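My request is simple: use the sequences and hints to build the entire structure.
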Amino acid sequence: MPGIGIPKKEGEMSAENKPQEVAADVVVSLFYTLTVDGEVFDYTEDEEAIEFLQGYENIIPGLEKELYGMKIGDKKQITVPVEEAYGEYDEEEIRDIPRTEFPADVPLAPGVELELTDNEGDMLYAKVVSLAKDTVKLDFNHPLAGKELQFYIEVVDLRPPTAEELEHGHVHDEEYADEADD
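Here the sequence shown is numbered in our numbering, starting from 62 and rising by one per residue.
Simulated from the structure, these hints should not be mistaken for laboratory data. Values in this document were obtained by computation on a predicted structure and should not be read as measured data. Quick reminder that beta carbons are idealized off the backbone N, C-alpha and C, glycines included. You may find that some hints are simply not true.
To be verified - Straight line, CA to CA, 30 Å or less: simulated DSBU-like cross-link-like pairs of lysine-lysine: (1) K137 x K198; (2) K208 x K132; (3) K136 x K208; (4) K198 x K208; (5) K126 x K137; (6) K79 x K132; (7) K188 x K198; (8) K137 x K79; (9) K194 x K137; (10) K136 x K79; (11) K126 x K208; (12) K188 x K208; (13) K136 x K126.
Stated by the list, open to error - The calculated label-pair distances, taken between Cβ atoms and stated as ranges, are: (14) K194 x E225: 46 to 56 Å; (15) P142 x K198: 27 to 37 Å; (16) A84 x K198: 42 to 52 Å; (17) R160 x D107: 12 to 22 Å; (18) L169 x A110: 31 to 41 Å.
Structure (structure tokens):
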């Protein structure tokens, strides 16, 4: 006797629609450890996997490229060359900015990392290199520019994206869903 069809809630998954391998338009959950110059630089904590939409440049290109075809439970060591990570270190990304551009309450000292907003409203990240009487020398290079990256990864889950995630090109977490409901 055939069963009665009960409609699924959005985002609910069955064995038929669960992706079997990493491909474009699949939400990937991943554990990773990132090593740079032989030192651990970053890792997923407390079994908290990162989650992203594959094929939308939500992660660095060299890592994203290596994930295609992996399945849940697969583990892999990946070396990402500089040009497929954060690019070469660029001396032209070190600039002198007038001190008058900074509010008085911003702590300015060599090594301090800043989040800045440009004239178009885009967020920029910079590190204070040095201070002069009238200027602040900032390095706008990514901290990993010029570095080869070594990842040890494990694919822990795959799922189809929601229509909204596909439309927006990134994963929506519970916090995003809560804000959308307000």
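Task: Hint check, failures only - done: 1, 9 and 17
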